[in-house]
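Participant: Below are the chains, spelled out letter by letter.
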Amino acid sequence: MLHTLKPCEIQTGGFCFENTRRNAVLESSLSESGYKAPGARKTGTTIAGIVFKDGVILGADTRATDDMVVADKNCMKIHYIAPNIYCCGAGVAADADVTTQIMSSNVELHMLNTGRPALVTMVTRQLKQMLFRYQGQIGASLIVGGVDVTGPQLYSVYPHGSYDKLPFLTMGSGAAAAVSVFEDRFKPNMELEEAKQLVREAITAGIFCDLGSGSNVDLCIITEAGVEMLRGYDKPAMKGKREGQYRYKPGTTAVLTKTVTPFPLVVVDESVQIMDPE
Amino acid sequence: MSRGSSAGFDRHITIFSPEGRLYQVEYAFKAINQGGLTSVAIRGKDCVVAVTQKKVPDKLLDAMTVTHLYKITENIGCVMTGMTADSRSQVQRARYEAANWMYKYGYEIPVDMLCKRMADISQVYTQNAEMRPLGCCMIFVGLDEELGPQLYKCDPAGYFCGFKATAAGVKQTEATSYLEKKVKKKLDWTYEQTIETAISCLATVLSIDFKPSELEVGIITTKGSGFKILSENEIDVHLVALSERE
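Which chain is which? The protein sequence lines are A and P, in order.
Quick note on numbering: the UniProt record's numbering labels position 157 of the first sequence as 157, and the sequence is numbered without any gaps.
Quick note on numbering: the UniProt record's numbering labels position 85 of the second sequence as 85, and the sequence is numbered without any gaps.
In case anyone wonders, no lab produced these hints; they're calculated from the structure.
Where is the CB? At the ideal position from N, CA and C, for every residue including glycine.
Take these hints with a grain of salt, some might be off.
To be verified - In the DSS-like style, the derived pairs of lysine-lysine whose C-alpha atoms are separated by at most 30 Å in a straight line are:
id	chain 1	residue 1	chain 2	residue 2
1	P	K211	P	K116
2	P	K116	P	K59
3	A	K128	P	K116
4	A	K165	P	K104
5	P	K181	A	K128
6	A	K235	A	K73
Unchecked claim - Partial list, derived from the structure: chain P residues whose beta carbon lies under 10 Å from chain A:
id	residue
7	G106
8	E146
9	K223
Please put together the full structure from these sequences, using the hints given.
Facilitator: This is how it looks when you write it as structure tokens:
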């Protein structure tokens, strides 16, 4: 009964920052020698989600950047959390990946414990409590979407732990480009095909107008009946096919003069080396 | 085969006896009867009803402060049978667990999960030698959003189960056999039928003609606004209806 004497226990946690001063000194001494500390790979993304008549559609681009270089041309930004709940991740790639995996594990345990299917509110609640505990040090911006007993729902969670519940959402570096498409053309209770086109256009806007986003459009359609993952639904930025030929036929260049100079070679030394078959 | 002899402590703390019994847990069950009260709970088609005796032994006691029905959340209530102090401790813990669940997961705890949690906590006491089991039996009544009315009971051993109708306390066996005769396979009792059956069960088994001040009734229905403890006037209405029937 000592438990009830304590107020609602808040989990202590978050990162330990004891070594920050030592690391700063190390980094400065290393940079003097010309070494750069490795940076975290960000996804520099466009992710979006909308609620339509029968459920939720999540969309994402597929480019992962490492500063100004494309690290992965076809990475997967839509992560599985539960059979009826998926999550798009933007921000630091590793943080988004691992956070969603932790959530997926917690949700699985919860489902086994309660014997009931997962609720989207539960996932969002645990996500934001964990991100708040780390005070934004975990750089994961996530869009959680799913269909549960209370209906289709869409939440966005920011790295510091705030969240929004809205009918359409965008996150990532290409969010501004994508949300402009939504603000213009979103209607409540859209049909499936219309909704798919809208998300595709929003992500495509992000792909073309944002340097951090590119390659293909991935879609994930979640309804009460089930989930449909459309990887590579649209490839707006495919490499174009070359129009012309750059191989020249022999004889394209006219031969004007021809001079032949023989090189006499004298054998100086001859040695044989047997190669080991192994 | 020679039985190993115990050092004699198996009756004093919660360790196994040579026959494989936990004496302290069995004594805890006997402690439930110390209060001298019996409680009955029945699940109807769209409601759950919990009825318990209200014994005020002293004239100087303020009857308003004596109660064995507690609200745990908006949609879950419980009736406690057994040692009053242990009961209050369990209720406090149940309220904490329910609130903690709401904070961590963002939705109300289902009745079966709360009962499971309380049962798990009780089980820990049957393993810890330094802590005794609590001498009280919790009967949870609640409304689940998906599954409808729910009735669960958990005891000092850490066992819990869902019930159509159940009883706890001194006259537990008699009340249970009375209920077995009454409860049909299909649960289709209305609200009035459920309350009247519960009250008549208690009246028959204890051979008491109840006055409204001697009973405590807690209900939860799909129509209503959560767990409600009936006032004396409301109890009187049902007692009158019951006596008119007989």
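Participant: Any hints this thing doesn't respect? Which numbers, in order?
Facilitator: Violated hints: 1, 2, 5 and 9; rest satisfied.
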